[in-house]
Amino acid sequence: MTLESVPLQGVEALFPNGISRYAVGGLLVGLGTVVIYAATGISAGASTFLESTLSYVSDQSRFQQYVASRDWRLVFTAGIVLGAAAFAATVQSGVVTTSLYQPGSTGELYEVAGVTLWSTDVQPWRLFGGGILVGIGTRLGKGCTSGHGVCGVGSASKTSIVGVVTFLTVAIGTATVVAALGVTP
Amino acid sequence: MPDRHPLFKPLIFVGGLIFGFGLAFSHMARPEVVLNFLQFEDLGLPFVMFGAAIVSGIGFALLPRIRDAAPLTGDPYDRRLKSFDRNVLVGGAVFGVGWGVSGICPGAAYASLGIGNVTILWALAGMFVGAYAQGYWRSRADARESAPTSAD
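Just so you know, the protein sequences line up as chains F and C, in that order. Count along the first sequence starting at 1, add 578, and that's the number in the numbering used here. Count along the second sequence starting at 1, add 69, and that's the number in the numbering used here.
Worth flagging that the hints you see were computed from the coordinates, not collected in a lab. Predicted, not measured: the structure shown is a model, and the values here were computed from it. Each hint should be verified, as a subset may be incorrect.
Stated by the list, open to error - Rough simulated footprint, nothing fancy, chain F against chain C, three-plus residues with beta-carbon under 8 Å:
| hint | region |
| --- | --- |
| 1 | 151–161 |
| 2 | 165–172 |
| 3 | 185–198 |
Ideal Cβ placement from N, Cα and C applies to all residues, glycine included.
Taking the hints into account, I'd like the entire structure generated from these sequences.
Written out as structure tokens, the structure reads:
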């Protein structure tokens, strides 16, 4: 925490983990998006991977329309998984340290072969049930947090801005209701 | 499929690596952190999405002025804008409920797997089930619409 003066205590309460890890992470997410766009002209979103990968196993026309992009979407997703694994092997494991990173206290840390890994405490039924709705909603709604949120907002698309406002508002309401029902974590 | 530049997939992979490292660094790959934001307990999360949107926005605005076409595909730097219809609202709302229940979105789920969160396979399985269900239903609806209306 770098904020110290008294008038900023209210701000500290709103940002208990500071903002640097969020901002740096966001800049990198944007950079990854721009690298792909600069090289290929493609605005890559993450959720199309779900349908393009289903085209390997299903003949349904909704999945087959993504046959041309399914190979590189698999490569993109593999990159995301391995980029996060590189983070686990470096910053999360304490091999690389930076004052911009605030480790926080969520979930459980565990070690495998000297690498510090992380696991969630959120219950599997929430992940599975919520995941089903994420799968339906992102594909029906034409995009997710990256397709609408990063690429769409970045290109000032009105459709994407409406999409983001919709899922953000509904998610805040839903999480508030779930918490009020006493479900934790 | 046309032959692609040999560096096409390596470049996509490098972009994915940076993207995934960023999601992990930001903690957006942790459902708890997303849920804390949605309950207004830690307001840092918007810096991830909007920080990324600002960077991509600068790239999307500048690149078409610097070059005519992307080097690895020859494609122009288009803005691929999505059309607006009712599905954007309905789908966005369904996604919002799912995100609020689980605390995870697709890209963050892939990154979550990378930081060792094996439990996130529940969410990934759910996402594939959901994507399959809507694709199956909509493919059949599309086929019904395009079929000749011989019954009438």
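Item to complete: Test coverage of the region 151–161 of chain C by chain F using CB-CB distances below 8 Å; three residues minimum.
Response: Coverage by chain F holds for the region 151–161 of chain C (9 residues, Cβ < 8 Å).
Worksheet item: Per the coverage rule (Cβ-Cβ under 8 Å, at least three residues), is the region 165–172 of chain C covered by chain F?
Response: holds (count 8)
Worksheet item: Are there three or more residues in the region 185–198 of chain C whose C-beta lies within less than 8 Å of some C-beta in chain F?
Response: holds (count 13)
When each numbered hint is compared with the structure, no violation occurs for any of them.
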